[in-house]
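There are 2 protein chains.
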Amino acid sequence: MLDSKTTLYGVIGNPIAHSLSPKLHNWMIKFFGLNAVYVAFCVKTEELRSCIEGVKALEIGGLNVTIPHKEKVLGYVDEKSETVVRMGACNTLQNKNGRVCAHVTDPFGFTESLGERKDCFAGAHVILLGAGGAARSVAFALSQLGVKKLYTTDILFDRALNLSHLAVKELKLQECEVIEYGDPAINDAILDSTIVINASPAGMHPNTDCPVADMSAFSERHFVYDLVYNPEKTQFLSHAQSKGASVQNGLDMLILQGLASLRIWEEKEFQLDRPALQEVRNVLNNELKNP
Amino acid sequence: MLDSKTTLYGVIGNPIAHSLSPKLHNWMIKFFGLNAVYVAFCVKTEELRSCIEGVKALEIGGLNVTIPHKEKVLGYVDEKSETVVRMGACNTLQNKNGRVCAHVTDPFGFTESLGERKDCFAGAHVILLGAGGAARSVAFALSQLGVKKLYTTDILFDRALNLSHLAVKELKLQECEVIEYGDPAINDAILDSTIVINASPAGMHPNTDCPVADMSAFSERHFVYDLVYNPEKTQFLSHAQSKGASVQNGLDMLILQGLASLRIWEEKEFQLDRPALQEVRNVLNNELKNP
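So the protein lines, in turn, are chains X and V.
Here the first sequence is numbered in the numbering used here, starting from 1 and rising by one per residue.
Here the second sequence is numbered in the numbering used here, starting from 1 and rising by one per residue.
Treat the hints as calculated values from the structure; they're not laboratory data.
On a predicted model such as this, the values are computed, not experimentally measured, just so you know.
Be a bit skeptical, because a hint or two may be false.
Which copy is meant is left open, because identical chains are indistinguishable; a pair holds if it fits in one copy or across any two.
[What the hints assert, rightly or not] Okay, derived cross-link-like pairs now, BS3-like style, lysine-lysine, Cα gap no bigger than 25 Å in a straight line:
hint, residue 1, residue 2
1, Lys56, Lys72
2, Lys44, Lys5
3, Lys44, Lys72
4, Lys30, Lys5
5, Lys5, Lys289
6, Lys118, Lys148
Excised from the complex, chain X in its bound form (with noise of 0.2 Å):
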């Protein structure tokens, strides 16, 4: 397509140069055949008022915001959803005649990527390994799955303490515990949840880390998720398969949060049915290994 009346949207990072939304959002756009076009964007810092700005004297139809803009970008915007003025940080940003609104569309993405196992969240005890932006989108989304009781940690243990904190004052958590990162605790916690959600970078490529030292305690009985999608099955998720837990890595998540910012981009309630998913997913992949 791609002509004068095609519609720019695109996503602010820094770095930004290994980012699939492109590949993601042109595969949907040619998927619901619509007039538009994806880019990445470089954008520093100190360069966002210029970059919003530049949204609306572009007329810019919309932008995802990742890292480290995410927080920072909320201090140019027009408008803020409720669950952005919550959470203070977006990833979404739509440009409406001129004002631009912030949402968050990663706890949607979160929930929608379980699709029927968030039925299993309800009254569960679950485990949140780190505690930064991601962490924080994965409590929201907890929070509304009825989750009974949430143990927190991270590196910095302060950060850990403040979802934590977040948790049960903002998101009515009924109960929270912070573990110290390396507590052999986590054991008795991994024992008494039944799922246990990577949040934070460990194992993501090049790295091999594993977010949990010792995997004894992992079972049958544990649903394990990875927000990291690059490799495909992290260190983490190969050996809590190996023990016998259902597994689920982030890349659904990745997708259905871009979805979703999409949908609020053209208004429109476009879905991927289960053969439109595999095939993203497939085109994703792909790029990971052949990037």
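With chain X's structure known, arrange chain V on it following the hints.
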């Protein structure tokens, strides 16, 4: 292609929804195997400063500039080529590591579009119909081609006078004469000239006006060039051809000014051979017929 390393180019103007530049440039991008994409941006005059700041913040590779921004955008750029300084207008912005440099490729586009006919211009008497921005670009090319005498005319007499002054003082054309719009003296000028160029919008779709009311003085002695390319053959070119004149429309000028912009952005000496030029002409003519 389209991945996180894709370079973004575009055109700014207002209105922009009928620009052929996205079709042209995306064709060239594919033809030359570049990882880039080109879109049209509708930019309001009061947003030009934000637009240029946005180009830097978003690291956009380069922009074409069209009506009404070719002069005003110069207030916001960091550097200007020598020809831009002399013309007071640009059509190409290059983002060179955060510095925006203004270039103009229209005179080159005109000259190169002449092909072997270039040689007929040295020492020739030429009539230039219209005295706006496009005519100014043509006048620059004419001075470099060694034209001896230039007749200028425009609906706005002062504009024709100004162009005439520019041609004598700045462009060092030997002789210039201004003809009042609609003055029958145009026939004597046509008889005295071998080349007649329409750089006014007369005859542009959907209008079917002819920039010269009385075509009786045209003959096989004349080469008639119409910068208008929509329709492919204007009434002006049809009438001139029926009197035996050789004719050419402005499509090759559009293509070749675009090629020159791409050379500046990518810093490569791209060439379009004859079959490639014919292919892109067909693409653009099809677009004009089926918008």
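Results for each hint:
1. Lys56 - Lys72: both (18 Å within a copy, 19 Å between copies)
2. Lys44 - Lys5: between (29 Å within a copy, 16 Å between copies)
3. Lys44 - Lys72: Answer is within; shortest intra-copy Cα gap is 11 Å, inter-copy 27 Å.
4. Lys30 - Lys5: Classified as both; 15 Å inside a copy, 19 Å across copies.
5. Lys5 - Lys289: Answer is between; shortest inter-copy Cα gap is 16 Å, intra-copy 34 Å.
6. Lys118 - Lys148: within (14 Å within a copy, 81 Å between copies)
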